Amino acid sequence: MNAPALSPAPSPATPRAAHLVYAFLLAATGLTWFLGETGAAGPAVMAVLMGAALLKGLAVAGEFMELRHAPRLWQAVVAGWLFFVTGCLAAAYLA
Amino acid sequence: MSTESLALPATTGTAPPERRLAGDLAIWVFICAELLAFAVFFVAYGVARARHVDMFNTGQLTLDRNAGALNTVLLITGSWFVVQAVARLRGGDPGGSAGRLLLALACGGGFLVVKVFEYKAKFALGISLSTDTFYMFYISLTFFHLMHVLLGMVILALLWNSLRRGPGPTTLSSLESGAAYWHMVDLVWIILFPLVYVMR
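Going line by line, the protein sequences match chains A and B. Note that the first sequence covers residues 1 to 95 in the numbering used here. Note that the second sequence covers residues 1001 to 1200 in the numbering used here.
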């Protein structure tokens, strides 16, 4: 065994961005829950809910799934899925 | 055992780091198939809701939003621990990585417990798949997702066992693949919670 090669660069820390994304996800979940508890309804509330879900999804895909560093094609596939689903749900709501 | 593969590829000079997909290509193809299945489910829900707005709004009021929000927090927190598990293994700390996986598993277990109580309360009221279209979607969609949480937990448990026994040359890639699957389960719930529990 080659000792120097067995010493990886000491980088055990989770990227700071992941912690920020986690805080954002919790805050956005709190907002969603709050809107539900207040009984808020209507197109504007729907837009906020789907917008929050879209942003949460993009944050999870980009930072947690590490698609931020992935080939563009894979970024487009997952982001496209999020835009497609939230867009269809918004359209169905408004129909 | 070699731990060379645990190190991140070194970057030289000022060249930008090469773009790479975390995990195996196969798991990403699988993830795409799963996302496609859930997209069909979500769009079908949206179309059915548009045809039966009152039924869906009435049914939705009977759901436990606190349980739904708690499960969202549990999944998000589980994903956060999985991110830490990957970072720790990359940093050459398989023990710390295994510990984070255990915490993620605990979050998954919490999700299951909350879901069991939620289903139990609904079934006690005589609600079933055949009650109406809303409950058909609520039960089938959330149960389909629950099966994915279960599969994700099995994957995390296998990865934890692998780390506990000592990481090998493919452990990091396996962990990245399992992490991508777990985050996909989280991603789906992020749409499901506002759609089924809140939006009216």
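Warning: the hint list may mix true and false statements.
As the list claims (entries may be wrong) - Across the chosen pairs, the derived CB separations fall in these ranges:
(1) B/A1048 x A/A76: 27 to 35 Å
(2) A/H19 x B/P1017: 17 to 25 Å
(3) B/A1050 x A/R72: 17 to 25 Å
(4) A/G51 x B/F1144: 23 to 31 Å
(5) B/T1133 x A/P43: 46 to 54 Å
(6) A/G42 x B/D1064: 17 to 25 Å
As the list claims (entries may be wrong) - Some chain B residues close to chain A (C-beta under 10 Å, calculated; not the full set):
(7) L1035
(8) A1048
(9) R1049
(10) T1062
(11) R1065
(12) V1073
(13) I1076
(14) W1080
(15) G1109
(16) V1198
Simulated from the structure, these hints should not be mistaken for laboratory data. If you're wondering where the values come from, they're calculated on a predicted model, not measured in any experiment. We put the CB at the ideal spot given by N, CA and C, even for glycine.
Each hint tested on the structure:
no. : hint                        : result
1   : B/A1048 x A/A76: 27 to 35 Å : holds (29 Å)
2   : A/H19 x B/P1017: 17 to 25 Å : holds (21 Å)
3   : B/A1050 x A/R72: 17 to 25 Å : violated (34 Å)
4   : A/G51 x B/F1144: 23 to 31 Å : holds (25 Å)
5   : B/T1133 x A/P43: 46 to 54 Å : violated (22 Å)
6   : A/G42 x B/D1064: 17 to 25 Å : holds (23 Å)
7   : L1035                       : holds (5 Å)
8   : A1048                       : holds (9 Å)
9   : R1049                       : holds (7 Å)
10  : T1062                       : violated (13 Å)
11  : R1065                       : holds (5 Å)
12  : V1073                       : holds (6 Å)
13  : I1076                       : holds (5 Å)
14  : W1080                       : holds (4 Å)
15  : G1109                       : violated (19 Å)
16  : V1198                       : holds (4 Å)
The structure is inconsistent with the numbered hints 3, 5, 10 and 15, although it conforms to all the rest.
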